[in-house]
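Here is what each chain is made of, one letter per residue.
2 protein chains.
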Amino acid sequence: MTLDDIQRRDATDPLAGFRSEFTLPEGVIYLDGNSLGALPRATAARLADTVTREWGQDLIRSWNTADWIGAPQRVGGKIAGLIGAQADEVVVADSTSVNLFKLLAAGLKARPGRTVILTEPGNFPTDLYVAQGVQALLPDVTVRTAPRETLLEAIDDDVAVVMLTHVHYKSGARFDMAAVTAAAHARGALVLWDLSHSVGAVEIDLNGAGADLAVGCGYKYLNGGPGAPAFLFAARALQADLASPLTGWMGHAAPFAFGDDYAPAPGLDRFLCGTPPILGVAALEIGVEIALRADMAQVAEKSRQLTALFIDRVEDRCAGLGLTLASPRAPEQRGSHIAFTHEAAYPVMQALIARGVIGDFRAPDILRFGFTPLYLRHEDAWNAVEILREVLVSEAWREPAYQVRAAVT
Amino acid sequence: MTLDDIQRRDATDPLAGFRSEFTLPEGVIYLDGNSLGALPRATAARLADTVTREWGQDLIRSWNTADWIGAPQRVGGKIAGLIGAQADEVVVADSTSVNLFKLLAAGLKARPGRTVILTEPGNFPTDLYVAQGVQALLPDVTVRTAPRETLLEAIDDDVAVVMLTHVHYKSGARFDMAAVTAAAHARGALVLWDLSHSVGAVEIDLNGAGADLAVGCGYKYLNGGPGAPAFLFAARALQADLASPLTGWMGHAAPFAFGDDYAPAPGLDRFLCGTPPILGVAALEIGVEIALRADMAQVAEKSRQLTALFIDRVEDRCAGLGLTLASPRAPEQRGSHIAFTHEAAYPVMQALIARGVIGDFRAPDILRFGFTPLYLRHEDAWNAVEILREVLVSEAWREPAYQVRAAVT
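Sequence order for the protein chains is A and E. Counting from 1, position 224 in the first sequence corresponds to residue 224 in the numbering used here; the numbering is continuous, with no gaps. Counting from 1, position 284 in the second sequence corresponds to residue 284 in the numbering used here; the numbering is continuous, with no gaps.
Bear in mind the hints are in silico, worked out from the structure with no lab data behind them. Hints are supplied without guarantee of correctness; some may be wrong.
[To be verified] Example chain E residues on the side facing chain A (calculated, C-beta under 8 Å, incomplete):
| # | residue |
| --- | --- |
| 1 | L36 |
| 2 | T52 |
| 3 | G56 |
| 4 | L59 |
| 5 | N64 |
| 6 | Q132 |
| 7 | G133 |
| 8 | G225 |
| 9 | L246 |
| 10 | F258 |
| 11 | C273 |
| 12 | G356 |
| 13 | I358 |
| 14 | R362 |
| 15 | V408 |
[Stated by the list, open to error] Partial selection, computed: residues in chain E whose CB lies under 7 Å from chain A:
| # | residue |
| --- | --- |
| 16 | T2 |
| 17 | G248 |
| 18 | P277 |
Just so you know, even glycine gets a beta-carbon here, dropped at the ideal spot from N, CA and C.
Turn these sequences into a full structure, and let the hints guide you.
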């Protein structure tokens, strides 16, 4: 296989046209869209319009005239189309962490007599920390962890909610959503899926899997911008049984009646809390709309191709240079990012970034490379490996400047 | 007094120069900055730079190079300068509603043996609803209300947190922060102040009042944009005793160590939860910086002048036309907005808006007019009253179109 072959593959890529919808800096191969997605070209104009016309000219009236008030449901409904959900099963709100808290508390209350949140060690930290916060706050609640090999066996009659991240943030390992959900249901537990590292890059069918609850991130493969609002999902049949612990006015049945007593809004609206962050939602909507125009089966297929090509090339061209694959080899068992361990992972990544290949480091020894199908080419995966090889062969990463840790690593 | 006199007052207004820092649409007298502040001229360029350069070009690196990671503390530190707090006593995070939840739960835990949240009926709905949500979530916690006339007497040994809105959202009535705080402390309770309707428009001295906890809104007098991030304050001496119930990764002592066990960050950083909303924080920072350049004593004095002028003129020019003042008459007892009742308040406000005077309606019968000292002139208050008089004298508000309720009223 040669670079020519790879470029021919790019030439026939049915998603190739999407690349031009993103701003990608010159000289950069961006393999960190799993952490912060790239900027859609349409976002700046949309934000300028939201700021200058909607806010600046129409001011408070835009809550009605620009439908700011309906933005959480409108954009949530669009995200639903990416994750196999109905439009009234998804709202945009708050952060992933806050949404985890809401749904954990609601899930526990919906399973009276059960007091355990079950998760796996090494889950994304905020998922673990939020669950631990629920444990510290609510009497009798316990967070139990079990490694994924024995996870299903750990679901007993005490487990109210099984909380898992669909695609693991470090390894990229992917759960079989349908199988785990079915096993949990057989034992009477709800499942809460964190889709942060999968939405927009791999196929997700929440309704098909019979999923109960989910949260997800707007700033990774959805390209919603830094700290974009997050979303949450609750299956329609479950919604009436769920109470949000964060009972802000936007989740009230009649927020503009300004009454003294809380009454939850019907359906999922009750999981709104404060005033929606309009600038963030506007930027997120642009990213979601691009993803909606892509065929998710094609996106997922290209994700498998890109990641498989990257693994093959690394193991070929960087053999003997200290890298070990830390992601599942089988494409159906992983998401759209690939992890390799290296004993000098931090400085190696710094040297790569200095050469325009942006991935990231995850403690203690992981080099992580994300492949966003909408804006990456097979050629990018190929070229990134050549630069990685050069960094390792030359030992360029030994330069002192690359050893200095940044605040955010 | 004539319009000439008023225009002369504007000509010598020491804050007059600030008006040109805002975009105000032609033909509009904007008296709703207490609900959504106007757009600063610098915001569009700041957001364009944040989007196009920081996000688009520098991508993930901006967490370090643009100090996105330090934004909650940086902007919080600036807000501290507006409310009589130290820089390390304020962070920007989440929404006002979510921050109320965090501080109520933390305050209850910091006063073991005490189980009551005391507030007043008719407080801003989200404050009441969030407190009721805490009551529903945590065993033994009770929300008690007492009208402000008997509020201090209602603080007994069971009260953990007295939660009050500094300036009432409807009437504009202002609490004496120092007196109430001292009375609560004498009875062993903490006080949580909601500054949403006062920050940026009236003098606030949290440290001077010995205040414990506070939250506030970014999109009213701080001009941070629709749904701007909120802020929270906790007095330095209290911070080590406070545990956030929302234990997201950004509040961890070492978020980028990615460990499995939660450990709170030192100081106020523990009240951060999810990834900070960078676009919203960038817009908010512009609004806060403008307010910081103004002399808060001059701002508060102009607020008193504008509101007093408005009351005087309404009671003079609209006498006998069905309006009754529903705000305190004494300037030191109110904030920067004025409420009048009218039996047809909704259509009257619609007719006013159609004529370019934008205030708002609050159920059931309140016309509310906000006076933002940084961009309003005395002439605006004068002219708004003339238009109000014309609407009432002509009974223009009887037109059927003005009776139709919008989604957001």
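To see whether the hints hold, each was checked on the structure:
1. L36: holds (5 Å)
2. T52: holds (6 Å)
3. G56: Constraint on G56(E) satisfied, holds at 4 Å.
4. L59: Since the shortest Cβ distance to chain A is 6 Å, the answer is holds.
5. N64: Status holds, d = 5 Å.
6. Q132: For Q132(E), the interface hint holds, since the closest Cβ of chain A sits about 5 Å away, which is under 8 Å.
7. G133: Where the cut-off is 8 Å and the nearest Cβ of chain A is about 3 Å from G133(E), the hint holds.
8. G225: Check passed: Cβ of G225(E) comes within 6 Å of chain A, closer than 8 Å.
9. L246: Hint on L246(E): holds, closest Cβ of chain A at ~6 Å, below 8 Å.
10. F258: holds (5 Å)
11. C273: Holds, because the Cβ-Cβ distance from C273(E) to chain A comes to roughly 5 Å (cut-off 8 Å).
12. G356: violated (11 Å)
13. I358: holds (6 Å)
14. R362: Interface hint status for R362(E): holds (6 Å vs cutoff 8 Å).
15. V408: holds (4 Å)
16. T2: Status violated, d = 30 Å.
17. G248: holds (3 Å)
18. P277: holds (4 Å)
In the structure shown, a violation is registered for the earlier hints numbered 12 and 16, in ascending order.
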